[in-house]
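Colleague: Sequence:
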Amino acid sequence: MSSASVLGFDFGTKSIGVAIGQQITGSATPLASLKANDGIPRWEEIEALIKEWKPDLIVVGLPLNMDGTEQEMTQRARKFANRISGRFGVKTATQDERLTTADAKARLFEMGGYKALSKGQVDSMSAVLIIESYFENLY
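Take any residue in the sequence shown, note its place counting from 1, add 1117, and you have its number in the numbering used here.
Calculated directly from the structure, the hints in this document are not laboratory data. Worth double-checking, as some hints may not be accurate.
To be verified - The calculated SDA-like cross-link candidates involving lysine to any residue, where the alpha carbons are at most 25 Å apart (straight line), are:
hint	residue 1	residue 2
1	K1196	D1173
2	K1152	Y1256
3	K1196	F1226
4	K1208	R1224
5	K1196	E1164
6	K1196	R1159
7	K1171	G1203
8	K1152	N1254
9	K1152	P1172
10	K1168	G1156
11	K1131	G1156
12	K1196	T1142
13	K1131	A1210
14	K1196	S1250
15	K1196	E1249
16	K1152	M1190
17	K1171	Q1140
18	K1168	K1222
19	K1208	M1190
20	K1168	R1195
21	K1171	A1210
22	K1171	S1250
23	K1196	R1224
24	K1152	R1193
25	K1208	F1252
26	K1222	R1195
27	K1196	L1179
28	K1222	G1203
29	K1152	W1170
30	K1152	F1226
31	K1222	K1171
32	K1196	A1223
33	K1196	L1166
34	K1196	L1148
35	K1196	G1206
Model the full assembly from the supplied sequences, consistent with the hints where possible.
Modeller: Structure, rendered in structure tokens:
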């Protein structure tokens, strides 16, 4: 399992950030931001990503309230993870993502100033941080 690849998703109702990570390095790279229609992605885009990257695991960010309680988006992200698992037969996990959007913006700003802060880039960088925090929690 040490060379496992992980596909990460930052679930949103309009956009879903995607990143790929390697457990051996504990790091991840932003891939894309997929359009969603009220939380429903184009499943063929997700299927294409799974076929291309052949992940051992898919990690979906779980948006919780700051006090750790669940909200409507938490349930929707969990349902999204369950649908991926059921549809593509890939093992899925969820990861607390309470601070990832702010962290993603800070990291992108460091890399490229305001120009780097497009919505798609923030979403895919959030997916990177979801994967990296998942790896950190493994150790």
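Colleague: Would you mind marking each hint as holding or not holding in the structure?
Modeller: Structure-based check of all given hints:
no.: 1; hint: K1196 to D1173; result: holds (20 Å)
no.: 2; hint: K1152 to Y1256; result: violated (33 Å)
no.: 3; hint: K1196 to F1226; result: violated (32 Å)
no.: 4; hint: K1208 to R1224; result: violated (29 Å)
no.: 5; hint: K1196 to E1164; result: holds (17 Å)
no.: 6; hint: K1196 to R1159; result: holds (15 Å)
no.: 7; hint: K1171 to G1203; result: holds (16 Å)
no.: 8; hint: K1152 to N1254; result: violated (29 Å)
no.: 9; hint: K1152 to P1172; result: holds (21 Å)
no.: 10; hint: K1168 to G1156; result: holds (22 Å)
no.: 11; hint: K1131 to G1156; result: holds (6 Å)
no.: 12; hint: K1196 to T1142; result: violated (29 Å)
no.: 13; hint: K1131 to A1210; result: holds (22 Å)
no.: 14; hint: K1196 to S1250; result: holds (21 Å)
no.: 15; hint: K1196 to E1249; result: holds (22 Å)
no.: 16; hint: K1152 to M1190; result: holds (17 Å)
no.: 17; hint: K1171 to Q1140; result: holds (14 Å)
no.: 18; hint: K1168 to K1222; result: violated (29 Å)
no.: 19; hint: K1208 to M1190; result: holds (21 Å)
no.: 20; hint: K1168 to R1195; result: holds (22 Å)
no.: 21; hint: K1171 to A1210; result: holds (16 Å)
no.: 22; hint: K1171 to S1250; result: holds (21 Å)
no.: 23; hint: K1196 to R1224; result: violated (29 Å)
no.: 24; hint: K1152 to R1193; result: holds (16 Å)
no.: 25; hint: K1208 to F1252; result: holds (15 Å)
no.: 26; hint: K1222 to R1195; result: holds (24 Å)
no.: 27; hint: K1196 to L1179; result: holds (10 Å)
no.: 28; hint: K1222 to G1203; result: violated (32 Å)
no.: 29; hint: K1152 to W1170; result: holds (19 Å)
no.: 30; hint: K1152 to F1226; result: holds (23 Å)
no.: 31; hint: K1222 to K1171; result: violated (28 Å)
no.: 32; hint: K1196 to A1223; result: violated (29 Å)
no.: 33; hint: K1196 to L1166; result: holds (19 Å)
no.: 34; hint: K1196 to L1148; result: holds (22 Å)
no.: 35; hint: K1196 to G1206; result: holds (15 Å)
Of the numbered hints given earlier, the model fails hints 2, 3, 4, 8, 12, 18, 23, 28, 31, 32; all others are met.
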